[in-house]
Each structure stands twice: as C-alpha cells, then as structure tokens.
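216 is the number of the first residue of the sequence shown in my numbering; add one for each residue after it.
These are calculated hints, taken from the structure and not from any lab test. Watch out, some of these pointers could steer you wrong.
[Stated by the list, open to error] The list that follows gives simulated cross-link-like pairs (lysine-lysine, DSBU-like), each with its CA atoms no further than 35 Å apart:
no., residue 1, residue 2
1, Lys258, Lys222
2, Lys222, Lys232
3, Lys232, Lys258
4, Lys232, Lys251
5, Lys222, Lys251
For clarity, every value in this text was computed on a predicted model and none was experimentally measured.
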Amino acid sequence: MRLIGGKWKGSIIYHLKDEPVRFNDLVWLLGEATMKMVDQRLKELEQARGVRTGVSERPVAVTYALTCFGRSALGILEQLREWSESYDIQL
Numbered sequence: 216m217r218l219i220g221g222k223w224k225g226s227i228i229y230h231l232k233d234e235p236v237r238f239n240d241l242v243w244l245l246g247e248a249t250m251k252m253v254d255q256r257l258k259e260l261e262q263a264r265g266v267r268t269g270v271s272e273r274p275v276a277v278t279y280a281l282t283c284f285g286r287s288a289l290g291i292l293e294q295l296r297e298w299s300e301s302y303d304i305q306l
C-alpha cells in the first residue's frame, strides 16, 4: 500500500506505464495536481523503488519511469479499476 496508496500515486504509475515521462508533462497529464504534490509523490515512489529518474543532456530534462517493482503494481491498479467500475465507485 505504501507504493500505490495515497492521492495521485496510482495516477502517476498509470501515466508512466508505457514510457518515461518528463516532469512537466506528468503535471499536465494529472491536471488537478500541483507541481509540489507531484514532486512529493514522485519522491515517495522513488524511495519505495517504484520509480526511477533519468536525465538527458540535450535538452536537459528529468524523466521518470517505472521500475520492474513499480510495473508490478499495474495489475493491482487494473483490478482496482475493474472493481470500482463494477460497483459504480468513483476513485
């Protein structure tokens, strides 16, 4: 639960499922989350070994990607989505 619990963590993991994402793009994808909140959640995910950072040199940019451990949470998130839809619960 430390990896996926809490506001925005599941959404962050979902948006990182296909490819690494730059910080500003992730903030834009999340819409209502503040930059500070996204930064905090990414740090928590990094500490839990669910997300890793990468830095490109030209242009300088930090990207975030799921680790194998973080990717393993995708199945749980999918089950949670299916469960919530079957009972008409807004997550």
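Checklist entry - Are the Cα positions of lysine 258 and lysine 222 separated by 35 Å at most? => result holds (14 Å)
Item to check | Agreement of lysine 232 and lysine 258 with the hint, judged by alpha carbon distance not exceeding 35 Å | outcome: Given pair lysine 232, lysine 258 holds - Cα atoms ~17 Å apart, limit 35 Å.
Checklist entry - Quick one, are lysine 222 and lysine 232 close enough, alpha carbons at most 35 Å? => result holds (18 Å)
Item to check | 35 Å limit on alpha-carbon distance, applied to hinted pair lysine 222 and lysine 251 | outcome: holds (13 Å)
Checklist entry - Can the restraint linking lysine 232 and lysine 251 be considered satisfied, given a maximum Cα separation of 35 Å? => result holds (22 Å)
Consistency with the previously given hints is maintained throughout, with no hint failing.
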